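**Q** Here's the letter readout for the chains.
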Amino acid sequence: MRDIFLQGGLVVDPATKREAKGDLLLRDGKVAEGKPAKDALVLRVDGLVVTPGLIDPHVHLREPGQSAKETIASGTAAAVAGGFTSVIAMPNTSPVADGPNTIAWMRQRAKETGVANVFPTGTISVGQKGEQLAPIGSLRQAGVVAITDDGHCVQNAELMRRALEYAHMFDLPVLDHCEDTSLSAGGVMNEGKWSRILGLPAWPAIAEEVIVARNVLLAEMTGARVVCQHMSSAGSIRILREARARGVPIEGEASPHHLSLTDELLEGYDTSFKMNPPLRTRADVEEVKRGVADGTIRFLATDHAPHCVYEKEVEFDEAPFGVVGLETALGIYLTELVHSGLLSLREMVVKMSSFPSDYFGLGRGTLATGAVGDVTVIDLERKWIVRKAEFASRGRNTPFEGRELRGRAVLTIVDGEIRHDLDGRAGLS
Amino acid sequence: MSPGWQRKDLLSLRELSVDEIRKVLSTAKVFKAILGRPIKKVPSLQGRTVVNLFIEPSTRTRISFELAAVRLSADVVSLDKESSSIRKGESLQDTAKNLEALQAGTIVIRHRSAGAAHFLAQRLKASVINAGDGAHEHPTQGLLDVFTIQERLGKIEGVRVLIVGDIIHSRVARSNLWALTKLGAKVKMVGPSTLLPKEFAELGVEVSYDLDGALEEADVINLLRIQHERQVHSRVPSIGEYAALFGLNLERFRRCKPGVLLMHPGPINRGVEIASELADGPQSLILDQVTNGLAVRMAVLYLVSGGRGIGGDS
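Listed in order, the protein sequences are those of chains B and S. Start counting the first sequence at 22; every next residue gets the next number (this note's numbering). Start counting the second sequence at 8; every next residue gets the next number (this note's numbering).
Check the hints yourself; a few may be wrong.
Distance ranges between label pairs, derived from CB positions [claimed, not checked]:
# : chain 1 : residue 1 : chain 2 : residue 2 : range
1 : S       : T298      : B       : G289      : 32 to 40 Å
2 : B       : K42       : S       : K132      : 54 to 62 Å
3 : B       : S115      : S       : G96       : 42 to 50 Å
4 : B       : G289      : S       : L294      : 33 to 41 Å
5 : B       : S115      : S       : S85       : 37 to 45 Å
6 : B       : T134      : S       : G96       : 27 to 35 Å
7 : B       : R408      : S       : G220      : 33 to 41 Å
With a Cα cut of at most 20 Å, we get these calculated PhoX-like pairs of lysine-lysine [as the list claims (entries may be wrong)]:
#  : chain 1 : residue 1 : chain 2 : residue 2
8  : S       : K205      : S       : K193
9  : S       : K162      : S       : K39
10 : S       : K195      : S       : K162
11 : S       : K36       : S       : K48
12 : S       : K195      : B       : K214
13 : B       : K214      : S       : K39
Every beta carbon over 10 Å from chain S, so not counted as near; a handful from chain B, in silico [to be verified]:
#  : residue
14 : F26
15 : R183
16 : R262
17 : P270
18 : D315
19 : V359
20 : H360
21 : E368
22 : K404
23 : G423
24 : D436
Read the hints as simulated data drawn from the structure, not as lab findings. These numbers come from a predicted model, not from an experiment. Where a beta carbon is used, it is the ideal one built from N, C-alpha and C, also for glycine.
Chain B on its own, in the form it takes in the complex (with noise of 0.2 Å):
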């Protein structure tokens, strides 16, 4: 294996203090001191930022079962397109991944056709239906690095008690889709005016609200580690806000439609708008901002959901939810929240990297010396618009077509080999 050697970025590595102009050596597939063989890959970054590779907490790879929506090959392809080098994939594949040889083959095939590293998740529940816990331990000793029933809140308070309590003996993190379905009942869209006007079923904030407060006392009561994935609402924000501060052991995961589009686009019923939770208002993107801006927010992810595009050119209330997001999010993030001011750049090395690196436990998300060679490489000023045709996801469900977005991921380098290469720098596309 080659030296790879990034001469002259903006090295931003948080776990390390590290934010200065300089050079970073990667030397079988690690990062590495010194100076680069004689036959190194010099690329030279000026005026680029280097980070640790970035690592997006919610993924739907669709793989096994669902693979005309999406394959790890083509789901990886999509992340390190976007700059991701690890991902954390959602159990609701089919099968369901609620037991360890779904979990075996998902790695065994991740290693196979995977570009990016492929963290998987089990289940809460069998076959996420709320009924009976997962076989948690198995799950764990199966290598899933949290359990979730994404898509499927569990409804049940008694069994989401006993599986924080149980998941709490390994210190497994427990995901959670927050949505209460009586609330919720067949609703489509957030519920306000916009849903008035269009007489779509309304899922309104308080089915998200009442989910995120009871998993609050939950995660008081038992001490497990609980994250309240793609807050919607600006009351979800107050109750983690309010929980957060009384150290509970509760974090909150945003998405970037839902801290940059409101409900009002729902206007001409475009199913590329539709995800769950839904679209909300202003005054919701805003709090969402201000929560990640403010720290109570620590993950920012993307809740990559592909879909056919048959299966999203149907009615409005029939279209599957979900948008994908693995190649925009970065842009967003940076658009939203770097170059509007609301957060540094470290800062969002740390939601993207570093912070999902450790609580997870993937031993990555750091530049130090004898790292895991994952680094991905970010032009902070590129402006590029938004094409889905260009997608590397088969999903071309995105809210985003047409967007000019502010920063790309230029160069993306996973366990020291090169799998993004945007304007061909490496000489390998």
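Given chain B, work out where chain S should sit, using these hints.
**A** Just chain S now, kept in the frame of chain B:
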């Protein structure tokens, strides 16, 4: 295209301008006069095919559109969910593309999903007329309601209209809201708080939960149907309690203005929204609404087809 009308489709009244609404009303007036003649048929849409695609059941709207198209000399085909491949799982997109391949010029769609008419209009060259999409809009109903009020009162501006009932599930309420407020009526919506969300107040109407307090001022009362099929069970304790609080009974009627006009989009739950005697009484416009619906639908079919040549049109 007819002067004053440029649209390929009629999807909602929210998107229409005041002038476009007036254009439909004036065109409908011409057609209503024609319907009073011994020979009620005009050749305006001769050679044009109108497909009534009624994915959700309907009697009066479907018959009204069929008859309107026949009166305009169009070739009319009607299909519903049970007799089409939609039952076999064909998508709306494919059904519509097939209809277009058969050169349907106009598609009239009734569908349980809000936005279904938009969905077709965005994908087809054919004209699309929304005949009711979920809880979104029922534009021809809104138009025929304002036509009927205008016919009786000679104006819409300043008229006080009370819309009573299950607002949240009602596409009729939404289309009435836009047509009436655009034309300057003063609209108040009344119903149980569980069926009348407060956000309607942001749309230019007054929201109230007190029918008795609203009766005296109303020039027109439009009573909406309680929609059993849309599961109101968790929103209203019982139909009996609904009728007691929000039904227009004889006692309440006596407290209305003497000349108050009563409307209902049908089908009526007699004794629930409105006392049977009132529905059949002299101040009821319910059957006028049905007759005017024909003229309004003729006007809409005519306008979206780019029609010309009817007396009074240019």
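**Q** Against each hint, give a clear statement of whether it holds in the structure.
**A** Okay, the hints, checked on the actual structure:
Taken as a hint, the range 32 to 40 Å holds for the pair T298/S and G289/B, whose Cβ atoms sit roughly 35 Å apart. The beta-carbon spacing between K42/B and K132/S, approximately 58 Å, falls within the hinted interval of 54 to 62 Å. Evaluation of the 42 to 50 Å hint for S115/B and G96/S yields a failure: the beta carbon distance comes to about 20 Å. At roughly 37 Å, the beta-carbon separation of G289/B and L294/S lies within the given 33 to 41 Å, and the hint holds.
Roughly 40 Å separates the CB atoms of S115/B and S85/S, a value that falls within the hinted 37 to 45 Å. Distance hint for T134/B and G96/S: a CB-CB separation of about 32 Å, consistent with the stated range 27 to 35 Å. Between R408/B and G220/S the CB atoms are about 57 Å apart, so this pair departs from the stated range of 33 to 41 Å. For the proposed pair K205/S and K193/S, the alpha carbon gap of about 17 Å is at most 20 Å, so the pair holds.
As the CA atoms of K162/S and K39/S are separated by approximately 17 Å, the hinted pair is consistent with the 20 Å bound. Taking the CA atoms of K195/S and K162/S, the gap is about 18 Å. The hint holds against a cut of 20 Å. Simply put, K36/S and K48/S have alpha-carbon atoms about 15 Å apart, close enough for the 20 Å limit, and the pair holds. For the hint linking K195/S to K214/B, the alpha-carbon distance of about 17 Å falls within 20 Å, and the restraint holds.
This hinted pair does not check out: K214/B and K39/S have alpha carbons roughly 37 Å apart, beyond 20 Å. With a least CB separation of 52 Å from chain S, F26/B remains clear of the 10 Å interface cut-off, as annotated. Listed as a non-interface residue, R183/B keeps its Cβ farther than 10 Å from every Cβ of chain S; the least gap is roughly 29 Å. No beta-carbon of chain S is positioned within 10 Å of the beta-carbon of R262/B; the least distance is around 27 Å.
Every Cβ of chain S is farther than 10 Å from the Cβ of P270/B; the closest lies at roughly 36 Å, confirming the non-interface assignment. No Cβ of chain S approaches the Cβ of D315/B within 10 Å, the least distance being about 29 Å, so the stated non-interface status holds. Chain S leaves V359/B outside its interface by the beta-carbon criterion, the shortest separation being 34 Å against a cut-off of 10 Å. Every CB of chain S is more than 10 Å from the CB of H360/B (nearest about 33 Å), matching its label as outside the interface.
Remark: the non-interface label on E368/B is consistent with the geometry, its nearest Cβ contact in chain S lying 36 Å away (cut-off 10 Å). For K404/B, the condition that its CB be more than 10 Å from all CB atoms of chain S holds, with the nearest at approximately 29 Å. Listed as outside the interface, G423/B is consistent with that label: its C-beta sits roughly 16 Å from the nearest C-beta of chain S, beyond the 10 Å cut-off. For D436/B, the shortest C-beta to C-beta distance to chain S comes to about 43 Å, beyond the 10 Å cut-off, and the non-interface label holds.
In this structure, the hints that do not hold are numbers 3, 7 and 13, in rising order.
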